[in-house]
Structure formats: C-alpha cells, structure tokens
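Student: Build out the structure end to end from the sequences listed, making use of the hints.
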Amino acid sequence: MPWDVVAKSLFILVVAVAALAPVVTWVERKQSAVMQDRIGANRADLFGIRLLGLLHPAADVLKLIFKEDVVPIGANRVMHLVAPLIAAVAAIISFAVIPYGATYQFGDSTVNLVAADIDWGLLYIFAVGSLAAYGTILAGWASNSNWSLLGGIRASAQMISYEVTMGLSVVGVFMVFGTLKLTDMAFAQDATFRLLGFLEVFGVVDHLPRWLAWIQLPMWGVFLQPLGFIMFLTAIMAENKRPPFDIPEGESEIVAGYHTEYSGMRFGLFFMAEFIEVIVIAGLMTAIFLGGWSIPYLPQERIIGALEPLFGSGMANLLCMVAHVSTFLLKVVFMIWFQMVLRWTQPRFRYDQMMDLCWKILLPLSIANAFVTGTIILLVRSYGS
Amino acid sequence: MAEDQWLTYRERETSDDDFDRDLHTEHQILNMGPSHPATHGTVKFLIELDGESIVDLDIQVGYLHRGFEKECESGSWYQCIPYTDRLNYNSAILANLGFCLGVEKLLGLETPERCQWQRVMGSELSRLADHLTRCGAACLELAAMTPFLYGIQARELTWDLTEALCGARVTTNYIRIGGVKHDMPAGFPEQCRDHIARIRELLKDFDAVITANRIFIDRMRGTGVLDKERLIAFGVTGPLLRAAGVPLDVRKDEPYLTYAELDFDVPVGEVGDNYDRYLVCVEEMHQSLRIIEQCLERLEKLGPGPVNVLDPRVRWPAKGRVFNHMEELIQQFKAVTEGPMVPAGEAYSVVESANGELGFYLVSDGSAVPVKVRCRPPSLLNLQPMPEMLKGCLLADIIPTFDFVNMIGGECDR
Numbered sequence: 017m018p019w020d021v022v023a024k025s026l027f028i029l030v031v032a033v034a035a036l037a038p039v040v041t042w043v044e045r046k047q048s049a050v051m052q053d054r055i056g057a058n059r060a061d062l063f064g065i066r067l068l069g070l071l072h073p074a075a076d077v078l079k080l081i082f083k084e085d086v087v088p089i090g091a092n093r094v095m096h097l098v099a100p101l102i103a104a105v106a107a108i109i110s111f112a113v114i115p116y117g118a119t120y121q122f123g124d125s126t127v128n129l130v131a132a133d134i135d136w137g138l139l140y141i142f143a144v145g146s147l148a149a150y151g152t153i154l155a156g157w158a159s160n161s162n163w164s165l166l167g168g169i170r171a172s173a174q175m176i177s178y179e180v181t182m183g184l185s186v187v188g189v190f191m192v193f194g195t196l197k198l199t200d201m202a203f204a205q206d207a208t209f210r211l212l213g214f215l216e217v218f219g220v221v222d223h224l225p226r227w228l229a230w231i232q233l234p235m236w237g238v239f240l241q242p243l244g245f246i247m248f249l250t251a252i253m254a255e256n257k258r259p260p261f262d263i264p265e266g267e268s269e270i271v272a273g274y275h276t277e278y279s280g281m282r283f284g285l286f287f288m289a290e291f292i293e294v295i296v297i298a299g300l301m302t303a304i305f306l307g308g309w310s311i312p313y314l315p316q317e318r319i320i321g322a323l324e325p326l327f328g329s330g331m332a333n334l335l336c337m338v339a340h341v342s343t344f345l346l347k348v349v350f351m352i353w354f355q356m357v358l359r360w361t362q363p364r365f366r367y368d369q370m371m372d373l374c375w376k377i378l379l380p381l382s383i384a385n386a387f388v389t390g391t392i393i394l395l396v397r398s399y400g401s
Numbered sequence: 014m015a016e017d018q019w020l021t022y023r024e025r026e027t028s029d030d031d032f033d034r035d036l037h038t039e040h041q042i043l044n045m046g047p048s049h050p051a052t053h054g055t056v057k058f059l060i061e062l063d064g065e066s067i068v069d070l071d072i073q074v075g076y077l078h079r080g081f082e083k084e085c086e087s088g089s090w091y092q093c094i095p096y097t098d099r100l101n102y103n104s105a106i107l108a109n110l111g112f113c114l115g116v117e118k119l120l121g122l123e124t125p126e127r128c129q130w131q132r133v134m135g136s137e138l139s140r141l142a143d144h145l146t147r148c149g150a151a152c153l154e155l156a157a158m159t160p161f162l163y164g165i166q167a168r169e170l171t172w173d174l175t176e177a178l179c180g181a182r183v184t185t186n187y188i189r190i191g192g193v194k195h196d197m198p199a200g201f202p203e204q205c206r207d208h209i210a211r212i213r214e215l216l217k218d219f220d221a222v223i224t225a226n227r228i229f230i231d232r233m234r235g236t237g238v239l240d241k242e243r244l245i246a247f248g249v250t251g252p253l254l255r256a257a258g259v260p261l262d263v264r265k266d267e268p269y270l271t272y273a274e275l276d277f278d279v280p281v282g283e284v285g286d287n288y289d290r291y292l293v294c295v296e297e298m299h300q301s302l303r304i305i306e307q308c309l310e311r312l313e314k315l316g317p318g319p320v321n322v323l324d325p326r327v328r329w330p331a332k333g334r335v336f337n338h339m340e341e342l343i344q345q346f347k348a349v350t351e352g353p354m355v356p357a358g359e360a361y362s363v364v365e366s367a368n369g370e371l372g373f374y375l376v377s378d379g380s381a382v383p384v385k386v387r388c389r390p391p392s393l394l395n396l397q398p399m400p401e402m403l404k405g406c407l408l409a410d411i412i413p414t415f416d417f418v419n420m421i422g423g424e425c426d427r
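Listed in order, the protein sequences are those of chains A and B. The first sequence begins at 17 in the numbering used here and counts up by one. The second sequence begins at 14 in the numbering used here and counts up by one.
Hints in this document: simulated from the structure, not taken from any laboratory. Yeah, the Cβ is synthetic: ideal placement off N, Cα and C, and Gly gets one too. The reader is advised that the hints may include incorrect statements.
[To be verified] Cross-link-like lysine-lysine pairs, in silico, BS3-like; alpha carbons within 30 Å at most:
1) Lys376/A to Lys404/B
2) Lys46/A to Lys79/A
3) Lys265/B to Lys194/B
4) Lys217/B to Lys46/A
[As the list claims (entries may be wrong)] Stretch by stretch, here's where chain A covers chain B in the computed footprint (C-beta under 8 Å, at least three residues):
5) 156-168
6) 403-417
[Claimed, not checked] Anything over 10 Å on all C-beta distances counts as not near chain A; from chain B, calculated:
7) Val183
8) Leu315
9) Arg326
10) Arg328
11) Phe336
12) Glu340
13) Met354
Tutor: Here it is as structure tokens:
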C-alpha cells in the first residue's frame, strides 16, 4: 500500500510542484506581457536556444540559489530560517487531498488518484492554510525591520479574517454534496441535474416550456453554488496574498512587507509558495466547483462502458484515467489563467477596505448563502419526489 | 447616550481604574524614504504611526539639490537653458519655455508667430508626457501595472514627437532665447496626427481598465482631501488646485504665446480628492491633444516662415557673411564667447507647467551672466500641504496622494 501513496505523492511533486510551478511563473510573465503590449521574458538562452523564454524559471532558480543569503542584524536567526520553510511546506502539502482522477479498477487492484483520501479533506485544507499564516507572520516578526513587522501584522489580520469567510463560504457546498471529502465531491459532480428541477416542489414545472424544464447542467459546484464560487475564490485568493490582495507585501507602501529582509533562496521559497498556492487554488476550485476530473455529460461509467467492448477492461480504465487527468489539468490551467487575469487588471486594496470586504460583505453573504441553500435543500427533500 | 459616558483618550490613559485604562501602546516612528519604492530616493517622510494611521507626517526634501540656481549664475544666459531641462524629466520644454520667456522679457523681444505656435505645441506635448507619467505611475503604485504600461506607451509616442521636433527625447534644449532650435521637420503634421490618434486609443484603453474600477475608486475617493482655502493658503497651483474647484490656469488667466487664440477648456474638480485629481489630469490630456491639433492646423495655414527673431543680440549672423565680413566675424566671436548681453533689470516669467505655475525670476546687471535666476517650483509648493492632507489617514493613502502631488525631485530641490 505505501508504494502507491509514494507514487501519487511523487506525481504531485513532479507535476504540480516541480513542473507546473516554474511554468506558472513563466505564464505570469508571458500573459502579463500579452496584456500589456510587451514581448515578455525571452532573453535567457542555453547555447542559443531560447524556447520563448521558458528557460527563465530555471535561470531564476539558479540565480536565487547562488545569491548571498543575508540575515539582518538583530534578526531571530532560527525563526528567520524556519518561516519560509513553513510557507513553502504548507503550500506543497495542500495538494495531498486534491483528487486529480477518479477510482479505477485494474483487475483486482483499485487505483484511487488522490494522495490522501481522508474524510475531512476540506478541513485539512483549512488547517494547512492556517499553518501557512505562521510562515508569513514569523517572517515579519523575525526580520527585525519595521516594514517586515507591518507586513506581518497585515498578513496575520488578513489571513485569519479570510479563513473565517473561506470556511463559511463553502458551507453551502458541504450541504449540497453532503460531504467534506473532496473525492466524494468530485464523484458527486460527475452527474447532471435539471436546472429548474427544484421548481417541481412548487408544481410550476409543468407550466414551463418543455425544453426549459429539461435543461440539464453538469452537477458542478459552480452551478449549484454560484455565489459560493465567487466568495470562495475571493477568500482563497486573499488567503494567498496575491494581487489585488497583496497588502502584506504592498511594495509601494511597505517596501516588500514580510519578505523585505529575505534574499536568495529563502525569498525564493516565499515566491515559490505563492505560485504553488496559485496551483493549489486552481486545483481546489476545480475539485469543489468545476467538477474535478469529470468530463461534462460523460459520466465515468458511460466512458468505461463504451470503451470496454473495444479495448477490454484494463485498457478502458487506463484510457478513462488519462482522459480524466487531462480534463483536470485543463480545468486547473483555466483557473490559473483566470487568477492571472485578475492579478494583472486589479489595483491593490487598502488594508481597511479589504477588511470591510471580508467582515461586512463576504461574511454576511456567506451566512445568507448557507441559510438559503439549507432552506432549498429542506424544501426539496421534504416535498420533492 | 450621554456624552459624559465616554472618557477621553487622555482620561483613559491616566485612569486609576483598571477597567477604564487602555492597553498601553506607543506610536511608531517610521522613516519612509529616501530609499523607498514610493519616494524614488528624492524625499523622506518621517511618519508617526498609530497602528496604520498617520498621526504626524514630516516631509524632508533636498535629496536632489544640485544648486541649479547658483549654477545659472556662473554661465551665460544661453548656458542656463540646458539646466532647465533637468528640472523636470518629463516636461523639459515647459521649463525651457519659462526661462526663455523671462529672458525675452528682459530683452524686449517678440517672437515670430510660427515660433509661438511651435512653442505651444512643444509645451502641450510636454504636459501630455507629464500627465501620462503621473496617472500611469499612480496606477503602478496602486499595483495596477497594466494601465501604467499603456500610459508609458503613449508617453513614448509624445517623446517620439519631441524627438522629431528637436532631436532629443528627454533633455530637449528645444526652446532658445528668441525662438526655437529649428523649424519642425517636413512631414511632422502627418506624423503628429498619426501619433495623436494612437495616443487617443491608448487613453481609451487606460480609461477602460482603471477609471471605473471599484478598487481604484475606493483607493482614490476621499483620500488626500484638502479644501481650496487651505490649498490657496499654501500657494498650491496646477491640477491639484483645479481638482479642488478653483479654475486657475495661467494659460487662461494670463495667456502667453498664442494661448488666447486657442480653444480649450480648463477642467475643474469638485471635492479635491485624489480621484478628482485623476479625472482632471485625464481631461487635461484630452485638452492638450486638442490644442496640438489646433496648432498643427494654424501652422499649416501659416505657411513657411522664420522661427527665430532676427535680432543680432541673440542670433548668430549667417555663416556666409561671417566668413567674408569683419563685423559679422566679430559679432559671431562675441556671441560664442560671451553670449547675449541682457539689459539690466528684473523680470518674472510664468508658464503653466504640468504641476502648476512654474515661474522664473531673473535679474540682470547688463552683463552676459545672470545675477540671479530664481525658480518658483510648483512641486515644492504643492508638496507643502501633504501633511495636512494625510493626518489621520492610513499609511496606504500616502501613495495615491503623493503620486498626484507629483513631486519631481529635480524641480522641487533644484
């Protein structure tokens, strides 16, 4: 058994952390360049080969590794060292519970494409997210610099506040799918539902045009909980401290915030953590709201059922797995792109305005969302067929 | 609720009752700058912070002091013009113009009409570049990099035009005593109209990305407000004052060059916050484009003609005569070694620069070297009310306010 966990963890490390994270830095540069009428990174070359600037991430990492590692006078050396590690580790281990494929049957063995299939998957994400806050706060506190301290204080307030909203904004999703387990959520989304199905309770469906009553949508979180989708995306992006929520590192106000006094690969770890979190957010949003690995209108049984007579059971499962993992990656790439578009078009919030957004807008809305969702679920369960 | 239920801050601090006493906190003193991303190495804010709110703000200028005024007293009148280039890196032509208008006042010169239209055109190009930088940089420092690059792209186009006019993009040295460096090149109107169209496109993009952006409005609305009476008391001019609702513009109030014949509006704001300042600057850019178009029209209608005063005191004689005639040779020799002799007296010239009223007070004793060149820098005067604008605001409000005050180190510190 441990072998498959090791294999799956390695897959995450290789695909998500080692391959995708540097590519995301490249994507960010190139996409911002496209949006801003620039060419973007294209200078780093290896024996004259430039590869559209794809070598830049490698050059960046090399430079950061060989840079002098400065620890300011008066800094707490241990905490100064530990802080970036906490940030990076917390970002990487969040991947563990994100399912990137369904369950597949190969002869006697069952393959489940998630590193840790735990019942409290989403709570694990919240827990690890809270741990990440320690990295930032400690970095701000341990650097012995006013700017770092201000950044750390901002970060602590921001991350703790948005955790509340982040948790409450997905309560509606818990209720709809009846689970906290991300794999179960993904399975539940591999189905369709009638858009106006809930109207049956009121008996008005028969009066509607037939085609309207029978519109089928994939049972994705985004269609069941559109408000939850927006709120959760906002909260989790704020949790990641990327623009427009980059208040803890607002470079024009507090120099570079909590990582002002970091150089070399220690800074690189903060930087990496941020980009890994972009991928985690994309993966999480995909798993909760965009149907995870599921292909719309094509449930797993139907795919395997169609392929089995042609290729046999093992091959059919394998093909289905490839299709699912590619679908998942495609959705992840879409969500990464979406985050980048937001990052390059929005100015930064002000500290108090962001707190207002959290406590005065998102929090009441997420409670209202949970309440309304609960009411509808109750109605449908009690009176529905 | 009765007023006396609430203790004042001081009472809580000194209260004997533990329940009333506040947690003891201290204010934080923060040195913001001179090497800080928002202050660009040219200014230092000494901030007293209570958490994130500004209790007190002290502005310390002078980091870019190069002795501009004193330097001018050691060269000829002509040699001062390149120094004026270095006052404001965005709008060198405006500073050139301010200085040359003053010298011309002392000399009693009247420049030809063709020269005047080109001067107006040059100064509006400068104003455009300045406002583009200001609005763009404000967006950049609010972390919206995309509109900044749109603005910078448009600024490059204005600098292309400046380059076509005088061969330099930043330190122009374009306007000379009694004229301009040379006539605009053939094909300039076409190039200019083409660039204006592209600048308008970019301004539209800029506008679409940022003007109605909710976060941007939240950051700008209601920050850095100061009423017009205080602004006037501080001697503030330019977009800062106009945004507070005072339509003061030297181009309208005391028209110089051909501004009286031009059709343009002076936009004013209502509240005087940063958002009004932004809107005023954007509108002024559109007005500048209008002015440039009118100048081109008038220049084309005017046809070829001299762009320099034919006055032997400030012009070199024609080369053909210098080589063949004694008098002209001597005149050329004197002009090169000494420069123009400016009659004794004093003069104050003023132009509406992008930051406000840019004035030059010049004193001459009749020699070829100025006795006094005093510059009235709008940046310095505009910077003064900043502590009043920001007391009680948050640390983050310094950024948009400072951007729209648009303190230019070279001009402020001279």
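Student: If a hint holds in the structure, say so; if it doesn't, say that too.
Tutor: Here's how the hints hold up against the structure:
1. Lys376/A to Lys404/B: Roughly 26 Å between the alpha carbons, so the hint for Lys376/A and Lys404/B holds.
2. Lys46/A to Lys79/A: holds (20 Å)
3. Lys265/B to Lys194/B: holds (26 Å)
4. Lys217/B to Lys46/A: holds (23 Å)
5. 156-168: holds (count 7)
6. 403-417: The restraint on the region 403-417 of chain B holds, since 6 of its residues have a Cβ under 8 Å from chain A and three suffice.
7. Val183: Since the minimum Cβ distance to chain A is about 21 Å, Val183/B lies beyond 10 Å and the statement holds.
8. Leu315: About 37 Å separates Leu315/B from the closest Cβ of chain A, which puts it past 10 Å; holds.
9. Arg326: About 49 Å separates Arg326/B from the closest Cβ of chain A, which puts it past 10 Å; holds.
10. Arg328: At roughly 44 Å from the nearest Cβ of chain A, Arg328/B sits farther out than 10 Å, so the non-interface label holds.
11. Phe336: Fine: 52 Å to the nearest Cβ keeps Phe336/B off the interface.
12. Glu340: holds (57 Å)
13. Met354: holds (50 Å)
In the structure shown, no violation is registered for any of the earlier numbered hints.
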